[in-house]
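Chemist: As a plain string of letters, each chain reads:
Number of protein chains: 4
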Amino acid sequence: MSDARDQPDAGYFEGREHRYPLRIFYEDTDFSGVVYYANYLRFFERGRSSFFRQAGIGHAELLKADPALAFVVRKFALDYQIPASIDDALIVSTRFHSLKGARVSVSQKIMRGDQTLVTGQGEVAVIDLTGRPRRVPQAMADKLAPYLSKTP
Amino acid sequence: MSDARDQPDAGYFEGREHRYPLRIFYEDTDFSGVVYYANYLRFFERGRSSFFRQAGIGHAELLKADPALAFVVRKFALDYQIPASIDDALIVSTRFHSLKGARVSVSQKIMRGDQTLVTGQGEVAVIDLTGRPRRVPQAMADKLAPYLSKTP
Amino acid sequence: MSDARDQPDAGYFEGREHRYPLRIFYEDTDFSGVVYYANYLRFFERGRSSFFRQAGIGHAELLKADPALAFVVRKFALDYQIPASIDDALIVSTRFHSLKGARVSVSQKIMRGDQTLVTGQGEVAVIDLTGRPRRVPQAMADKLAPYLSKTP
Amino acid sequence: MSDARDQPDAGYFEGREHRYPLRIFYEDTDFSGVVYYANYLRFFERGRSSFFRQAGIGHAELLKADPALAFVVRKFALDYQIPASIDDALIVSTRFHSLKGARVSVSQKIMRGDQTLVTGQGEVAVIDLTGRPRRVPQAMADKLAPYLSKTP
Numbered sequence: 004m005s006d007a008r009d010q011p012d013a014g015y016f017e018g019r020e021h022r023y024p025l026r027i028f029y030e031d032t033d034f035s036g037v038v039y040y041a042n043y044l045r046f047f048e049r050g051r052s053s054f055f056r057q058a059g060i061g062h063a064e065l066l067k068a069d070p071a072l073a074f075v076v077r078k079f080a081l082d083y084q085i086p087a088s089i090d091d092a093l094i095v096s097t098r099f100h101s102l103k104g105a106r107v108s109v110s111q112k113i114m115r116g117d118q119t120l121v122t123g124q125g126e127v128a129v130i131d132l133t134g135r136p137r138r139v140p141q142a143m144a145d146k147l148a149p150y151l152s153k154t155p
Numbered sequence: 004m005s006d007a008r009d010q011p012d013a014g015y016f017e018g019r020e021h022r023y024p025l026r027i028f029y030e031d032t033d034f035s036g037v038v039y040y041a042n043y044l045r046f047f048e049r050g051r052s053s054f055f056r057q058a059g060i061g062h063a064e065l066l067k068a069d070p071a072l073a074f075v076v077r078k079f080a081l082d083y084q085i086p087a088s089i090d091d092a093l094i095v096s097t098r099f100h101s102l103k104g105a106r107v108s109v110s111q112k113i114m115r116g117d118q119t120l121v122t123g124q125g126e127v128a129v130i131d132l133t134g135r136p137r138r139v140p141q142a143m144a145d146k147l148a149p150y151l152s153k154t155p
Numbered sequence: 004m005s006d007a008r009d010q011p012d013a014g015y016f017e018g019r020e021h022r023y024p025l026r027i028f029y030e031d032t033d034f035s036g037v038v039y040y041a042n043y044l045r046f047f048e049r050g051r052s053s054f055f056r057q058a059g060i061g062h063a064e065l066l067k068a069d070p071a072l073a074f075v076v077r078k079f080a081l082d083y084q085i086p087a088s089i090d091d092a093l094i095v096s097t098r099f100h101s102l103k104g105a106r107v108s109v110s111q112k113i114m115r116g117d118q119t120l121v122t123g124q125g126e127v128a129v130i131d132l133t134g135r136p137r138r139v140p141q142a143m144a145d146k147l148a149p150y151l152s153k154t155p
Numbered sequence: 004m005s006d007a008r009d010q011p012d013a014g015y016f017e018g019r020e021h022r023y024p025l026r027i028f029y030e031d032t033d034f035s036g037v038v039y040y041a042n043y044l045r046f047f048e049r050g051r052s053s054f055f056r057q058a059g060i061g062h063a064e065l066l067k068a069d070p071a072l073a074f075v076v077r078k079f080a081l082d083y084q085i086p087a088s089i090d091d092a093l094i095v096s097t098r099f100h101s102l103k104g105a106r107v108s109v110s111q112k113i114m115r116g117d118q119t120l121v122t123g124q125g126e127v128a129v130i131d132l133t134g135r136p137r138r139v140p141q142a143m144a145d146k147l148a149p150y151l152s153k154t155p
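Protein chains in written order, with our numbering: chain A, 4 to 155; chain B, 4 to 155; chain C, 4 to 155; chain D, 4 to 155.
Just so you know, these hints were derived from the structure itself, not from any lab. Predicted model only: the values in this text are computed from it and were never measured. Worth double-checking, as some hints may not be accurate.
The list makes no distinction among identical chains, and a pair is therefore deemed to hold if it is satisfied within one copy or across any two copies.
No farther apart than 20 Å at their CA atoms in a straight line, the calculated lysine to aspartate or glutamate pairs in the EDC-like style are these [said to hold, decoys possible]:
1. LYS146 <-> ASP69
2. LYS103 <-> ASP82
3. LYS78 <-> GLU126
4. LYS67 <-> ASP90
5. LYS78 <-> GLU30
6. LYS146 <-> GLU17
7. LYS146 <-> ASP90
8. LYS146 <-> GLU126
9. LYS103 <-> GLU126
Let's have the full structure, built from the sequences with the hints guiding it.
Modeler: Right, here's the structure in full:
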């Protein structure tokens with residue numbers, strides 16, 4: 004019944020860089036013919052979530068922590084260099100850096116082969132469900148530690 | 004301080020038909036040049052939410068009920084007749100029909116002037132946050148009653 | 004340079020049923036805690052596009068045909084049975100049926116393991132970029148023929 | 004036939020600041036209970052498009068120029084301060100600054116009453132449909148000039 008082919012691909016680590024492949028569909032484009040600018044934030048989030056998943060951290064698990072926790076983005080800066088188009092096969096590259104208290108910095112890229120299409124730099128925080136920042140739990144910090152890159 | 008112009012438009016009732024105006028933006032279109040087919044469901048939902056708002060029912064208020072309640076769509080059928088394009092000014096027309104236990108039927112249209120672009124027929128239910136169907140609370144049924152249309 | 008792991012998964016055929024795996028991310032959910040109802044149409048479209056891709060038909064290629072062609076959905080009916088949640092691993096199951104002139108009928112399901120969460124029945128047409136229906140080109144019909152299922 | 008209430012609201016100018024009201028719907032939120040981080044880019048784009056519309060510039064008109072033109076975002080930096088929630092009535096505040104060749108800088112805010120929820124700073128360019136940057140056409144520059152603010 005269970006079939007390996009039924010498992011969605013969560014990408015892979017190349018050293019401390021996580022690489023998540025995705026395809027551009029109709030939903031991602033706009034009438035100008037290329038990908039709508041907000042959608043790269045969706046792709047970056049898929050990259051970060053897949054990084055966490057591969058590192059053994061799931062959103063559902065965080066929500067079951069006591070107190071329940073979630074990731075939020077505090078800051079994010081995008082630099083759009085080359086537009087992506089329908090049917091494109093892209094890679095979301097994700098590196099997490101220093102972990103300080105409730106905050107983690109992240110640098111990401113959308114690649115098409117060797118071309119960098121869009122870069123993103125952000126800061127992610129862990130909050131409880133009232134929105135209050137919370138120290139990254141030790142068990143999570145331990146899981147992340149082997150994957151943290153030096154600040155770019 | 005408070006400025007009437009800062010209030011988002013929730014549309015208006017024309018008899019028992021609710022009419023909600025909306026504009027097509029970049030985000031709504033795809034590379035084929037017209038509105039992406041899933042986005043009409045977003046527009047229909049804006050129409051239903053605005054209908055409820057004008058009838059005195061808000062989502063936040065429902066969530067504060069005991070037990071907390073929410074609307075979910077059980078069935079929805081779309082008929083795509085004419086595509087909408089960037090910059091279009093559209094109307095979402097919404098009529099709710101018979102209220103039976105936990106279920107309400109709804110018929111909706113996306114209009115551009117006198118043209119019908121897309122029609123939708125659906126069934127909406129009230130659930131608690133465990134997903135269990137719940138009778139529409141009497142206070143809400145009383146608010147909806149004056150706006151219910153005969154089945155189409 | 005080129006790495007098989009960088010290729011996005013397009014799913015696979017199990018007989019004439021195409022199966023496309025996907026993961027639920029933040030972007031897919033709404034504040035009620037489960038997947039937003041319009042997003043299943045995005046998933047169904049990913050399933051159809053991946054079916055076409057595996058059958059050797061790409062959107063970019065269609066756009067380069069003379070005249071340029073695209074797929075549009077004419078009708079689609081959704082039946083929501085069980086909601087999907089964050090982190091879920093789902094399968095989009097897609098079967099295309101009879102091909103008549105410009106139209107193809109399709110039946111789809113969103114599965115979580117053996118559970119059917121949402122079903123969809125639709126009609127897809129081939130149009131040129133003025134929106135006029137066009138006969139499915141013979142080369143495309145030939146590629147689709149081995150994958151057509153009997154009407155459900 | 005034509006009814007002023009059927010016209011979608013494009014906001015208004017308060018001096019050189021454009022203010023565009025919007026409502027938060029189901030589609031804008033995610034399972035964490037608040038607005039999904041990418042959606043503020045959709046709201047910012049609605050603000051910019053409505054600014055242009057009020058200043059007499061439409062996307063459709065730009066596409067009919069010779070050569071056909073469109074706006075693209077080159078850079079955008081977001082600072083998330085307070086999350087927005089379902090049913091919120093928000094204002095998108097937009098100011099455009101210096102116009103240099105193909106580029107215009109923009110600063111935007113999402114407000115809830117007097118609270119600033121999210122700020123954005125970006126750079127927008129005019130391109131032709133091959134993606135090449137194009138000088139802002141004189142007629143458009145003339146329309147924008149009265150609304151340009153000093154750099155923040």
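Chemist: Next, verify each hint and record whether it holds.
Modeler: How the hints compare with the structure:
In the homo-oligomer, the alpha carbons of LYS146 and ASP69 lie at most 20 Å apart inside one protomer (18 Å), although the nearest pairing across protomers, at 40 Å, exceeds that limit. With identical chains, the CA atoms of LYS103 and ASP82 are at most 20 Å apart between copies only, with a shortest distance of 19 Å across copies and 25 Å within one. Taking the closest pair of Cα atoms, LYS78 and GLU126 come within 20 Å of each other both inside a single copy (5 Å) and across two copies (17 Å). When the C-alpha separation of LYS67 and ASP90 is checked against a cutoff of 20 Å, the pair qualifies only between copies, where the shortest distance is 13 Å, while the shortest distance within a copy is 37 Å.
Proximity of LYS78 and GLU30 under a CA criterion of 20 Å is satisfied inter-copy only: 18 Å between copies versus 25 Å inside one chain copy. In the homo-oligomer, the alpha carbons of LYS146 and GLU17 lie at most 20 Å apart inside one protomer (17 Å), although the nearest pairing across protomers, at 37 Å, exceeds that limit. For the identical chains of this complex, LYS146 and ASP90 are inter-copy neighbours only, at 18 Å across copies versus 35 Å inside a copy, given an alpha-carbon limit of 20 Å. In this homomeric assembly, LYS146 and GLU126 come within 20 Å of each other (Cα to Cα) only inside a single copy, at 19 Å, whereas the closest approach across copies is 38 Å.
Taking the shortest alpha-carbon separations for LYS103 and GLU126, only the intra-copy value of 11 Å comes in at or below 20 Å, while the best inter-copy value is 31 Å.
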